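Model the full structure from these sequences, guided by the hints.
Each chain is listed here by its residues.
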Amino acid sequence: MIADIWTWIWAFVGGAILAFIAILIIAYLTWIERKFAGRAQSRIGPYWVGRPHGWLQPIADVIKIMLKEDIVPEDADKISFNLAPMFVFVPAMMLFAPIPISEGLVLSDLTLGLLYFLAVSSLSAIGIFMAGWGSNSKYAMLSGMRTVAQMISYEVPLVLTLIVPALSYGSFKLSEIVELQKGGWFLTKPFIGQTTFLLFLLAGLAELKKPPFDVPEAESELVAGFSVEYSGMKFAFFYAAEYAHLLAVSALGAVLFLGGWDGPFIPGFLWFFLKTFFLLFLILWIRWSFIRVRIDQIIGFGWKFLFPLSILNLAIAGLIVL
Amino acid sequence: MREEEIVLSMGPQHPSTHGVLRLILRVAGEEVLSVEPEIGYLHRGFEKLGEASSYIGYTPIVDRQDYLTSASNEFAFCLAAERIAGIEVPKRAQYLRVIAAELNRIASHLVWLGTWCLDLGGALGGGTTIYMYCFRERERILDLLEEWTGARLLYGILQPGGIRYDLPRGFHEKAKESLELVLSRIDEYHDFLSGNPVFVERTRGVGVASAELCKALGLSGPIIRGAGIPFDVRKAMPYSSYEDFDFTIPTGKDGDCYDRYVVRMEEMRQAIRITMQALEGLPEGPINPRPHYRSPVAFRPPKGEAISCVESPRGMICAYIVSDGTERPYRVRWRTPSFAAVQAMRYIAPGHKVADMVSILGSLDPVLGDVDR
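Residue numbers (the working numbering), protein chains in the order written: chain E, 425 to 746; chain V, 423 to 795.
Rather than coming from a laboratory, the hints here were simulated on the basis of the structure. What you are looking at is a predicted structure, and each value in this text was computed from that prediction instead of being measured. Quick reminder that beta carbons are idealized off the backbone N, C-alpha and C, glycines included. Be aware that a few hints might be false.
To be verified - Listed next, the stretches of chain E that the computed footprint assigns to chain V, with coverage defined by at least 3 CB atoms under 8 Å from CB atoms of chain V: (1) 463-469; (2) 631-641; (3) 691-704.
Right under this line is the structure:
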C-alpha cells in the first residue's frame, strides 16, 4: 500500500519536474532555432531583448503570448475548438515519459516503451483535426484534412522503420536497447544501421510536419493552417507541442540510433543531450534549406517510395537477425 | 455546385498574393476547379492624375505605378512625351537611362526570386533563406541607385528630354564590383534551387502557359519568352540606343514555372552585361538637350499624340499620351504587363492543387500597383 502511494507521488512529482524541464528546453529551443535560422540566412537573429544575443527573447515571448486576448470565433464548434490545443499538447508532453535520459534516470521505464511512443505520437493528429474542424474556417479545415492524410501515410513507414532496432536487440524497452548498444551504436551496424537511420529521418520529418513536409500549416497557401483562428495561450500550446514533438523525436533517435547515454569521459545525461541536439540541428538544417513539398507529392513519396523501402529494410534486418 | 466543393477566397489579405489581389477559388478537396482574380483594391487613378499634373511633375508620380521598376515607368512616359515634342535625347542621357533601367531590372528580379521562393517554401522554411540572400544582393544594387539618385525605390531620375542627374564620382568602380558580386551570387542561387529535386518537382510542368495562350491574352516579358516566343521590346523595337549593346534574349520551351524561372535568371545576367557595356562605352556630352527645365510647366509639347513601349522586368509597358499643346497631357493611357498576367491565372491555374496557386501566381510576377494603376 505504502509502495503504491510512493509510486503515485513519484509519477506526479517526477512528471511535473520532467514537464517543467521539457517546457524550459522548448522555450529555449525557439531561441536556438531563431539564432540558427539567422546564421543560415546571414542575419543576426534575436539580439535586443537580453543583450547580447537576445537570451531573454523566449521569456518575453511567453509573457507576450500570455497577455494576448483569447479569441474564440462565434461560429466555432466550442467544445472541439477549446479542447484541441490540449489534445495536441498533452500527448506531446507524454512522449517524454519512457525516454531514458541516463542510467536509471527515466520516468517510466515501460517494457513496451517504443510502442507507447509511437502510439502516443499519433494521437496529436486527432487534436489537429479537431482544431481544423472546430475553427469553422476553410483554411483550417483543409489543413486538418491534410494532416490526417499525411499522418496516416507516414505512420506506416515510421513504425516499420522503428521496429528494426527493436528487432535487432530483441526488446521494446528503450533503456534495454541503450544498454545493448554499449558495444556499438545501432548507427554503426553495417548497412541496416545507416538505411534505417535515413528512413527514420525522412519519415520522422514528415511525421513531425516540419519543413519541407509542413503542408498542414503551409502558411503561403493556407495562411497558418489549423492554428489560423487561435490566439493567445491556445496558440502557444500548438506551438509548444510542435517543439515538444521535435525534441521527443530527436531524443528517440538519440536513444535508438546513437546509443543514448553511452559515451566516454562526461556524464551520461550530457551525452544524451549532446546527441539529441545533434539530431535536432540536423532537422533544423534540413528545415532551413528546402522548399515545401506539395501534398500529393508527399503522399506519393510516402506510399510509393518510403513504404516499400521500409518493408524491404525490415525484411533485410529480419534476415540478418536470423 | 457539387457537394464536396468549397469556395475559398484567397486574399485580399493573404500572405502570398503579392499585395491586395483576391483570388476566388472553387476547390474540391485539394484540387482547384476554377480561379477568378478580383482586382481593383489598389486603384489610385494614375491616368486621371496624368491629366491633372504637368509633364515634368508627372514623371515622379508614375514611379508609384509599378513600384519595383520605377525607372521603366518613367522611361515609357518620357519616350512618348519626347516623341510628341520631337526632342532628340543626347547619347549620354540615353546610355544613363539604360543603366538605370537595367539596374532596376536586376533589383526587381531579385525581389521576384526571393518572394517567389517565399511562396514555394514558406516563411518558416527554406524559402526564407533564399529570400534573405536575394535581399542582401538587392541591397548592393539599391545602394548604387541611392548614391546616384538619392532614392532607393522611387527614383524620379528621368525627365522628358533627358535625365536629371549625372553619375556620381567613383560610380564606375563601385558598380563593377557590385555587379560582379551579384553575377557570382546568381550562379549560387541557381545551384541552390535547380539542384534541389524538391524545387524542380514543384515547378516543372506547373502552370503551363502555351505560346498560343500567351499571344491570345497579350502576355509579354518573361512569361511569353518562357513559352518560347523570343519577343523583347528591346530587340523588336529598339529604343534609347539598345541596338548598341550586345545581349541575348533567353527563351524557354514549355512555358511552365521552371522555364519562367530560368528565363528570369538569365535576364539578370544579361542585364548585368548590358550595364557593364553601357558603363564602359558611356559617351561624353550633355545629359539634357538644353538647360534644365527650370519650372515644372516649362515643357510644352505641341498638339499631337504618341505611344511608346519599353521592356520592363514584367513585360511590355506602354504609355499613350494625347497632347493639346499645354503643359499638361490631355489624356494618358497605360498598358501594363501585370494586368494581362493576372488574368492568365484563369486559364493556366485550374486543375492544379491549392499549393500551386501561389507558385503559379508568383511565377507570373504581378505587381498589384501595376495591375490596378
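Report holds or violated for chain V covering the segment 631-641 of chain E, Cβ cut-off 8 Å, minimum 3 residues.
holds (count 4)
At least three residues with a C-beta closer than 8 Å to a C-beta of chain V: is that true for the segment 691-704 of chain E?
Not satisfied, violated; 0 residues make the cut.
Three residues minimum, CB to CB under 8 Å: does the segment 463-469 of chain E make the cut for coverage by chain V? Let me know.
n = 4 at 8 Å, threshold three: holds.
In summary, the structure is inconsistent with hint 3 from the numbered list given earlier, while agreeing with all the others.
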